[in-house]
Amino acid sequence: MGMTITEKICARSAGKDRVRPGDMIDAEIDKLYIKDLRFSKAEDPKGLYGLFKEILKDMGIHKAWDPDKVIINLDEQPARSTRRLEGQESAKQFSREHGATLYQGYDGGIGHNVMVEKGHVKPGEFIVGADSHSCTYGALGCFATGIGFTETAGVLATGRIWLQVPPAVYVELAGKRPAWIWGKDIVLRIMADFGANGAVNKTIEYGGSAVADISIESRLSMCNMAVESLALNAVFPPDERAIAYVRQVSDAPFTPVESDPDAEYESRLRFDLSDMEPFVAAPINQAFIGTCSNSRIEDLRVAANILKGKTVHPGVRMIVTPASYGAYFQAREEGLLQIFEKSKALLTASECGICTRPSLATGEVCISSGNRNFSGRMGHREAQIFLGSPATVAASAVAGEIVDPREFLPS
Amino acid sequence: MKKKFTGRVWKFGDCIDSGNIKGVMEGIDPEFHAKVRPGDVIVAGINFGMGSSAEEAPRSLRDAGIAAILAESISNIYLRTLINLGLPAIECAGISAIVAEGDELEVDLESGGVRNLTNGNARAFAPFSDHAIAILEKGGLIPYLKSSFAKDR
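These protein sequences, in sequence, are chains A and B. All residue numbers for the first sequence refer to the working numbering, where the first residue is 1 and numbers rise by one. All residue numbers for the second sequence refer to the working numbering, where the first residue is 1 and numbers rise by one.
Keep in mind that the hints are not guaranteed to be accurate.
Computed list of lysine-lysine pairs in BS3-like fashion (alpha-carbon distance at most 25 angstroms, straight line) [said to hold, decoys possible]:
1) A:16 <-> A:57
2) A:46 <-> B:146
3) A:41 <-> B:3
4) B:138 <-> A:57
5) A:57 <-> A:69
6) B:138 <-> B:2
7) B:4 <-> A:63
8) A:41 <-> B:22
9) B:138 <-> A:69
None of these hints come from the bench; they were simulated from the model.
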């Protein structure tokens with residue numbers, strides 16, 4: 001019996017010839033992503049660096065695991081609290097003293113996008129990140145999952161984690177993708193099919209004839225949403241498109257792995273993209289294009305295409321927060337930022353932004369390109385958040401209510 | 001940490017995300033922190049701890065002295081984090097159906113069994129791996145790493 005991409009990466013990282021779902025492995029990590037918030041004293045009075053130093057002292061060593069494999073990003077710029085700022089200074093100190101790579105200022109943005117754009121994510125790698133949306137990286141054919149604060153300290157010291165190899169769900173994508181369907185529409189449709197407890201602690205593996213036509217940005221968005229189905233990870237095959245993308249952002253070598261034809265899946269689902277429609281429904285107060293889920297260059301292009309020559313509905317606050325400064329500058333070059341300004345959408349710096357900060361009053365409704373609509377996530381507990389693709393968000397901002405974006409796309 | 005213990009049940013529903021668990025279940029019951037006693041057990045439905053990896057939420061449960069969390073399903077990051085903090089997190093299908101708030105539960109981590117001492121019903125769960133037991137016995141990943149490295153040297 002063959003193995004899946006995820007099983008092969010787990011086996012290689014654990015120094016084994018093969019693993020099966022349910023096996024407990026001790027895996028060696030290729031890359032660790034840490035967002036600045038983990039260095040603040042929010043979760044532990046010592047902060048990540050303080051705890052790490054304490055572990056080293058107790059272990060009787062001075063040097064950590066491989067600092068070349070540690071990437072840190074400042075997800076909030078400028079810091080809006082003393083605690084956050086102290087965390088960012090601690091992250092910089094760690095980076096100076098241990099040699100980790102740190103992104104800030106115009107090199108930064110939202111960490112998950114920075115990781116991808118700066119070439120830290122490659123096919124075949126075993127990556128963990130100190131943020132739940134670290135599953136995003138699976139779009140490039142690697143194993144990637146989120147870990148907690150305590151485990152991050154452990155990885156910094158040892159470069160290893162314990163993990164139970166997950167069973168896999170194979171999601172076959174077939175048919176021709178309509179022009180108005182993007183990754184977000186596809187993944188929301190799939191999640192609806194999974195149901196409330198759909199993919200808990202499993203691998204979602206995408207495949208099928210339609211994959212080649214799905215952009216890297218859309219794949220990143222689809223893998224970003226894996227944790228919202230409670231999956232451990234999601235992965236796309238490292239096809240020509242993925243490899244071409246990685247070669248563009250990195251000179252470093254990598255070894256892609258593919259699932260064997262006789263790999264075993266716990267279940268299989270099939271979706272025909274030609275049947276899919278954008279997710280729609282309600283009057284809105286706020287429209288948000290941002291987050292590590294959907295504010296990459298593809299998303300900004302789609303939104304600008306809809307907003308061009310139009311104005312955001314007077315009853316709606318529209319906020320556009322690019323995914324990284326890479327995306328921000330690219331959008332500026334293409335004239336997209338001017339389109340946002342002219343349409344009265346409020347453009348912000350690249351950061352996590354209102355995904356995690358209060359911006360909704362009681363009873364308000366928001367359409368968001370983000371990934372989470374938990375109660376209280378974006379402000380008052382009585383506010384409602386609907387999720388859709390950037391096209392759905394932009395069209396709804398113009399209409400003042402959630403609408404089908406197809407009518408708003410220039411033909 | 002004891003491998004076998006009893007505790008009084010507090011029962012919660014499905015899909016409780018980590019943002020609402022923060023502050024000892026503050027998002028669900030703002031008074032819960034005052035009602036819960038060390039050694040109590042939380043029983044929840046599906047997808048317990050979904051969402052953010054921020055560790056304030058699981059730490060608040062540990063700091064309140066919760067002895068164990070049993071749920072129909074638990075998000076992976078949350079389950080790992082709880083164990084790494086030294087608090088047994090147990091996925092146990094059918095647990096909600098056999099308990100009511102205030103019942104007394106007996107949990108055996110090694111054999112993978114839970115028994116409701118109030119009504120006599122029982123359920124089984126996958127026994128904990130030796131590795132997870134070792135981490136729990138040391139009180140979490142950090143003390144486990146400290147002691148295992150000290151031993152290696």
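Hint check results:
1. A:16 <-> A:57: 32 angstroms, violated
2. A:46 <-> B:146: At roughly 17 angstroms apart (the allowed maximum being 25 angstroms), residue 146 of chain B and residue 46 of chain A satisfy the hint.
3. A:41 <-> B:3: 32 angstroms, violated
4. B:138 <-> A:57: Holds, at about 18 angstroms.
5. A:57 <-> A:69: 22 angstroms, holds
6. B:138 <-> B:2: It holds: about 11 angstroms lies between the C-alpha atoms, which stays within 25 angstroms.
7. B:4 <-> A:63: 39 angstroms, violated
8. A:41 <-> B:22: Measuring from Cα to Cα gives roughly 15 angstroms; hence the hint holds.
9. B:138 <-> A:69: 28 angstroms, violated
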